[in-house]
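A.B. asks: Now for the letters of each chain:
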Amino acid sequence: MVNLTIDGKQVTVPKTYTIYEAAREAGIDIPVLCYAKKLLPFGACRVCLVEVEQMKGRLIPSCTTPVTEGMVVTTTSEEIRKVRKTVLEFLLVNHVVECPVCDKGGECELQDLTYEYEVVTNRFVGEKFHYPTDENNPFIERNMNRCVLCGRCVRVCDEIVAHGSYSFVERGFETKIATAFDRGLHCEFCGQCVSLCPVGALLPRPFKFKARPWQLKEVDTVCGYCGNGCTLTLGVKDNQVQTIRFNDKNGVNDGNLCIRGRFGYSYVNSDQRLTRPLVRKGGELVETSWDEALEAVANGLKDSKGAGIITGARLTNEEFFLLKRLADAAGVTSLDHSGGECYKVLTEGVKDVLGLTASTGTFPQVETADVILSIRSDFYETHPVFGMVVNQAVKRHEAKLLVLADKKGKFTKLPNAETLLTRPGLEVDVLNAMCVALLEGGKARTEGVSGIDEFKQAMAEFAPARVAERTGVSAEAIVAAAERLAEAQKGAILLGYGLPYTPASRELGLAAANLALLAGLADQEEAGLYVCGEKANSQGAIDLGVLPKEDGLGAQAMLAAAAEGKLGSLYIIGEDPLTTYPDGDRVEKALANAGFVVVQDLFLSPTAAKADVVLPAASFAEKDGTFTNAERRIQRVRPGITSPGEARTDYAIFGALLEKLGAQAPAGPAEVFGELCAGLADYPQIGLDEIGPQGVVWGGEKLAPKTRNLVAVGGGKSAEGRFLLTTGSSLYHSGSTTTHADGPLAAVPEPYVELGREDAAELGIKDGDSVTVKAGGVDLKLKAKVGARLPKGLLFAPSHFAGTGLNRVFRGEAVVAAEVAKG
Amino acid sequence: MIKEFIQGLSITFKHLLPGHSTTVQYPKVKLQPSERFRGLHRLVPTQDREKCVACYLCPTVCPAKCITVESAENEKGEKYPKVYQIDLLRCIFCGYCVEACPVEAIEMTGNYELANYHRDDFVFDKQRLLNTK
Ligand code: SF4
Ligand code: SF4
Ligand code: SF4
Ligand code: SF4
Ligand code: SF4
Ligand code: FES
Numbered sequence: 001m002v003n004l005t006i007d008g009k010q011v012t013v014p015k016t017y018t019i020y021e022a023a024r025e026a027g028i029d030i031p032v033l034c035y036a037k038k039l040l041p042f043g044a045c046r047v048c049l050v051e052v053e054q055m056k057g058r059l060i061p062s063c064t065t066p067v068t069e070g071m072v073v074t075t076t077s078e079e080i081r082k083v084r085k086t087v088l089e090f091l092l093v094n095h096v097v098e099c100p101v102c103d104k105g106g107e108c109e110l111q112d113l114t115y116e117y118e119v120v121t122n123r124f125v126g127e128k129f130h131y132p133t134d135e136n137n138p139f140i141e142r143n144m145n146r147c148v149l150c151g152r153c154v155r156v157c158d159e160i161v162a163h164g165s166y167s168f169v170e171r172g173f174e175t176k177i178a179t180a181f182d183r184g185l186h187c188e189f190c191g192q193c194v195s196l197c198p199v200g201a202l203l204p205r206p207f208k209f210k211a212r213p214w215q216l217k218e219v220d221t222v223c224g225y226c227g228n229g230c231t232l233t234l235g236v237k238d239n240q241v242q243t244i245r246f247n248d249k250n251g252v253n254d255g256n257l258c259i260r261g262r263f264g265y266s267y268v269n270s271d272q273r274l275t276r277p278l279v280r281k282g283g284e285l286v287e288t289s290w291d292e293a294l295e296a297v298a299n300g301l302k303d304s305k306g307a308g309i310i311t312g313a314r315l316t317n318e319e320f321f322l323l324k325r326l327a328d329a330a331g332v333t334s335l336d337h338s339g340g341e342c343y344k345v346l347t348e349g350v351k352d353v354l355g356l357t358a359s360t361g362t363f364p365q366v367e368t369a370d371v372i373l374s375i376r377s378d379f380y381e382t383h384p385v386f387g388m389v390v391n392q393a394v395k396r397h398e399a400k401l402l403v404l405a406d407k408k409g410k411f412t413k414l415p416n417a418e419t420l421l422t423r424p425g426l427e428v429d430v431l432n433a434m435c436v437a438l439l440e441g442g443k444a445r446t447e448g449v450s451g452i453d454e455f456k457q458a459m460a461e462f463a464p465a466r467v468a469e470r471t472g473v474s475a476e477a478i479v480a481a482a483e484r485l486a487e488a489q490k491g492a493i494l495l496g497y498g499l500p501y502t503p504a505s506r507e508l509g510l511a512a513a514n515l516a517l518l519a520g521l522a523d524q525e526e527a528g529l530y531v532c533g534e535k536a537n538s539q540g541a542i543d544l545g546v547l548p549k550e551d552g553l554g555a556q557a558m559l560a561a562a563a564e565g566k567l568g569s570l571y572i573i574g575e576d577p578l579t580t581y582p583d584g585d586r587v588e589k590a591l592a593n594a595g596f597v598v599v600q601d602l603f604l605s606p607t608a609a610k611a612d613v614v615l616p617a618a619s620f621a622e623k624d625g626t627f628t629n630a631e632r633r634i635q636r637v638r639p640g641i642t643s644p645g646e647a648r649t650d651y652a653i654f655g656a657l658l659e660k661l662g663a664q665a666p667a668g669p670a671e672v673f674g675e676l677c678a679g680l681a682d683y684p685q686i687g688l689d690e691i692g693p694q695g696v697v698w699g700g701e702k703l704a705p706k707t708r709n710l711v712a713v714g715g716g717k718s719a720e721g722r723f724l725l726t727t728g729s730s731l732y733h734s735g736s737t738t739t740h741a742d743g744p745l746a747a748v749p750e751p752y753v754e755l756g757r758e759d760a761a762e763l764g765i766k767d768g769d770s771v772t773v774k775a776g777g778v779d780l781k782l783k784a785k786v787g788a789r790l791p792k793g794l795l796f797a798p799s800h801f802a803g804t805g806l807n808r809v810f811r812g813e814a815v816v817a818a819e820v821a822k823g
Numbered sequence: 824m825i826k827e828f829i830q831g832l833s834i835t836f837k838h839l840l841p842g843h844s845t846t847v848q849y850p851k852v853k854l855q856p857s858e859r860f861r862g863l864h865r866l867v868p869t870q871d872r873e874k875c876v877a878c879y880l881c882p883t884v885c886p887a888k889c890i891t892v893e894s895a896e897n898e899k900g901e902k903y904p905k906v907y908q909i910d911l912l913r914c915i916f917c918g919y920c921v922e923a924c925p926v927e928a929i930e931m932t933g934n935y936e937l938a939n940y941h942r943d944d945f946v947f948d949k950q951r952l953l954n955t956k
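Taken in sequence, the protein lines are chains A and B.
Our numbering numbers the first residue of the first sequence as 1 and each following residue consecutively.
Our numbering numbers the first residue of the second sequence as 824 and each following residue consecutively.
Just chain B, with the same shape it has in the complex (with noise of 0.2 Å):
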């Protein structure tokens, strides 16, 4: 029984020496999400607009109707979303937005730092969301 305690307690041990320690010194050091984490938002730019066409597939989505789209007509006649919106204090971060675009103009990023200090720090309009890296 000994035997079996001072296993287990090995392990422990072993953690706490230097090297062995699983926990990241953030901010100091960060964590590499996996390609497939569903973090910030971000919008696509094309050349010389966003690319997306303001279909309102993403709003119609969303579960937890956080994005708001306002589409009008560009000078070339183009449709073009005259306001994009996500406020991330409602989203969920479940994806579906990315998944029911149907011309891949929103993607999630990596990017999980998202404390700010006021409420409005938390909406994203369409410049910050074309500005994620």
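Chain A extracted, bound-state conformation (with noise of 0.2 Å):
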């Protein structure tokens, strides 16, 4: 720690501190424009000159110099004022004074500077810039003209995303930011830049000349899509998202959001949503009452020859408490989450070897983890957000990065990043290597451990010698990323799951479980394992327990079983199954064969099509409650729209179906919240307004592992043949949701299968082709992308968009053979 005196301030800080740092903790403000917290100090602008008495003689910018004991500073005097009037002057040289028509006009860090110091004349004249301003994407408007090189684009683009998107080119007045060969922007759109940019120079394209930022109503909430649980501010007027705010206060995002959270807003304004209950009569779904659908839908719970809800995973925990007292209340037994068999099984293979069912450790421990092994480098994709905090801990904390992938991707290019690039569908083999190489090395962390003598006899066949030939991973690779995990002082594996990847998922689970009780991270102090549910709440459906009675039937053996007309009534809560689940063939006869099928969505879904009674239901941004994220964070959602039409929340559904069947309904989200924490013995005993603007990590900051328990585990499974194809998410989509989102449709608006160059230019397609892939006895016509990111004979093609016919193709493998041809 250090002692210094700031305007006459005794203060205390440690001397990592910069003397801004400093005043800000001592509640002195200096004016900055090219600092921001998140960034490393960079001194652009001198906006922030202070006076040391030490360093007499000359101003000090207070944001780069750092602490030293006994400093004596000075933040405000008639000189530092004139200084900084006169830089600010110089800005304004060639700053185009636009105030008027600039969307930033009111937030705008340089118009409040202005302000304050009463800049209201020049002495000095230049040419304004005349730069044409870059609208070539669909996302953000950059005006270099009212740039005032502050750098913070730049920094942020490539020390949090890694894009790398912007540099400064030419020198003195000439300087300015621009994109590779300034040929306009194209990048991954998360919309960081746009947050950073202090004054009007970049914008979000879509919210331009929608409202003063002063007309809008901010409303802290959580993002909808993923399991990153990322704080989204609304910007709200005339009850509708106009755009999302920066907010670097709450949650544990620190202000970062990915295009999902930033620009895929727009499907909760859509015209498209459901606004009033339907109930098919003589074949047509026509328009109804509340009253007659409830009414349904509530004989059809008590079907006689049963009933079976699925739910998705982004309600909030609330609403998942009362589908559970409604299952109750309705005698349903088979009731289940997200498919059923992807995140929940895969937390099933967790608690076997570690007796924990969620990750045990939080986001922010991984920036300064000095190994991290990827699985998947998909990572990146399913939860960017958490990938930007990788990002930090490679770029700025050198932490190794080792992937296990079977294509290449964001990760694989950050420097320092090994990897591991197997066969399709061959993780677990890999993973399983890992533990074999570190039990045979003597390089394993065995105290405590149970099951030791059993697993090495059953994983025989694991020696990475012998998973080098069939995985394409060298066994020297397979032992040197082993060991560097073993001596790891803080240590992380990541593993992020959804619906697309439902096979093997309880061995992933396992295996990766194995791996760090092995390598000692599981009993860290800090970090460990990280398992990340695809959706919003797919941790609170585990928490909660939303999954099948002894009796009941899970999601897929609800489907198998309503296919064979086994099945009453299906009820099917936010989700899009014949969409999303594998084996779409299954899922439609199910909604063919079941008796009554009720669906309640936010869109007239290829699945409501198909259905008796639909219900129109809520988005997040209508909801109250809370959601739980993939490091165990419980977080506040809030409503900042009201539904449209007579839509109504899942939590008023379940409310008033719960009175049709003749069981109280709870007042409001608060008393359920109560309730379903007082149940729980993890979840802190807390009301729902103590839960702060960071949220309430459930189990403290690092789980320990409540079991030991090694768990031998089987391989995965790949497939034979020229082409091999596999599908997942793509960065730009979450679910399927985002197709009726306008930010992720303007990135990636239809489907298509990747492929790599070198197969692409054998076969003769390029970019943008249509291409016929033939897989599992289905020709799938598909746009052709080609990439790096490919080896040779692999295809990809994300599982998002409805109609692509992916889910005919998959039923329940992580690979397939498949032949592609041009046309």
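Calculated from the structure, these hints are not laboratory results.
Please note that the accuracy of each hint is not assured.
Here are some chain B residues pointing at chain A (derived, C-beta under 8 Å) [stated by the list, open to error]:
id : residue
1  : CYS878
2  : THR883
3  : PRO925
These numbers were taken from a predicted model, which means no experiment stands behind them.
Glycine included, each C-beta is placed from N, C-alpha and C at the ideal position.
Combine both chains into one complex, guided by the hints.
C.D. replies: Structure (structure tokens):
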């Protein structure tokens, strides 16, 4: 700790602090322009100049100068004011002053400073910039005439997003920020640079000219897409979500967002939303009253042939709780979520080894980890903002990143990243081989671990050398990676998981947990094993046990039973199984053969179109309650708008159904939150309003394993063929909801099949060509996307789009043999 | 005392004589208000559009909250007011809107003849405001 005096105030701060940070801690305000909390100090603008007694004679930039013992700092004086004013005059020499038409007006840092320092005239004259605006993409407008060259965009895109879109080009007055060859922006469109630009040089295009910042009501809530659980601040006007506001004070994401969170909000305002309940009469879905629809659902749930309930994982904890109560009230034992097989089964695997069904650490702990193993490069695609934490760990703290994947991706391109490129579907084999390597090499942490001998015996076939043959990852690489992980002071294993990855879920969970145990990560003080569900509340669904009762069926079993006509009714909430579940043919049969089908959703999805009753539900932006993210953080979801037409929140629908069934519906989410916490030993016993801006992590920052059991795991299954087809997530989409959102659709508008350059050249296929993929006896017509990500022989198609027919190919396999041809 | 009385009344009587009245025979005769009079608003046109750039300063400053602006982008990519509307029944003629406008797009004219038969007739939309002389 260092002691210094700022404006006569005694301040004690850690020695890593800068003068600016010390002043901020002491509640003293120093103006800044190029400084940003999460970026490395840069010192470009000189607005933050202060006087330091020990360095008399010149003014010192407070944002880059570290504190030293005994420093005496003055932050305001006549001279300092004059210099700051001059700095602003310099900035305004060639800055076009078009505040009335600039969307930043009202929250522009340059405007605010100009006002504060009363810069009403300029002693300097110079030419204004006349650069054309870059509007090549639908997300971000770049108007470099307004740029003050603070470098925040350059730095955030490099340091945090690791995309590196921008750099400074030219010198002196000509200096400007440009993209590669100045060809306009083409990137992953996370919008981070927009959030950080202090002026109106980078602006969100979907929000162009829509409103002034002061007209927006800000509502802090949680992103409704993935399990990362980023804080979103909705900018609401006219009962519509107009934009997403920058907020680095709440939550765990430090203001970072991905394209889905930043630009994927438009579906909540969509005029395609369902606004009234529908019932099937004479073969057609017709609008009806809530009362009639609910009556029909209540009767359906009591069907003598039994009913099944399948829910998605984007409901709030409170809604899950009510749903369970509803199932009890209706005597339904078959209750499941998210296709049943994926994240749930993964956590069951982890539970067998560690006794846990959740991540052991929190996201921020990964930033200072020294070794990180990411299983699948897609991790950045399923959980992008957690991916940005990994970027920072690698780029700022020099963590070693190991990527175990069947294709390259963003992670594999990071400096210090080492990729174990395996044949698709065989990740489990490599993980097993790493466990074996640790045990054989005597590097394994074995105190307190049971089942070692059986494990060794059962896993003999996973000797690195043998696994190397099968997977294509060299034995040395496997051993070296395992050893790196075991040597880590603070290691992390990341495993992102969702519906498209259904196969071998349990095996992956077991294998990752075994490795975490043997490498000693599970017992570290921080970090460890991260299992991250795909959807906003995947973890909540596990914690609350939205699972079949003993005599009930899981989701897949329900669909199988329904397909055979053995299930009376099927109640599907917030899911589109016809699009996203494996074995679409069976889902189709299930919907046709179930006696009575209810779908509760925002849109008339392909599944809903086949239902007997459709209930219009609410989006996350209309809900009150909590989500639990992939690091166990319980966070507040708050309503920003009201639902369109007669649509109701799932909470309200379950409540009304409970009443129809003669049970009592609870008052509000606050009451339910209290009840659900009381029923879960791990959840904090607090009220809904006690959840602060950072949320509450249940079980504490680090969850210690409850058991230490090695469990032998069988290997994965690949396929044989000239081409192997895999599926998974695309960065721009999340589930099928994003296919109703303008932002993600603008980036990736239609389904595609990706193939490597080599294969494309061989087949004469160019980017954008239409191709036919033959796999599993089905012909798929898709656009080709040619890239450098995939090794020879591998095809990849994202799973988000309805109508692709991808889930008629995948019936529970990770990989299928395929043929691809032009046309 | 009677002298003062007569003196005072003489002023009164003088005003009764023709040519000495200050009453204006409205509506046959109209007053010319001063330059600074705050009457009906006017939106200033430019060659091909209104001068207003829909910056939302006037609706923000308006104490009566009677201005409605909706901004949009025109074919040339410029910001313009798709909707600009003043509800004169609520306006208090304070002139703050004129003062706030950064581009001098709104003015107040000497027009004080604002009576009308229907409430709706007091809502001045963009075209009416642009037509105000
Ligand atoms: S949107 Fe994201 S990836 Fe694109 S330039 Fe900005 S920060 Fe970089
Ligand atoms: S575009 Fe914005 S963030 Fe980037 S350097 Fe210019 S002012 Fe700074
Ligand atoms: S989709 Fe996931 S990573 Fe992206 S903003 Fe939402 S919660 Fe964060
Ligand atoms: S004159 Fe005053 S009350 Fe009337 S529109 Fe202007 S600001 Fe509003
Ligand atoms: S202040 Fe002027 S430019 Fe701005 S909206 Fe009002 S009239 Fe238009
Ligand atoms: S904020 Fe310190 S130099 Fe810019």
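A.B. asks: Next step is simple, just say for each hint if it's right about the structure.
C.D. replies: Do the hints match the structure? See the list:
no., hint, result
1, CYS878, "holds (4 Å)"
2, THR883, "holds (7 Å)"
3, PRO925, "holds (5 Å)"
The earlier numbered hints are all upheld by this structure, with none contradicted.
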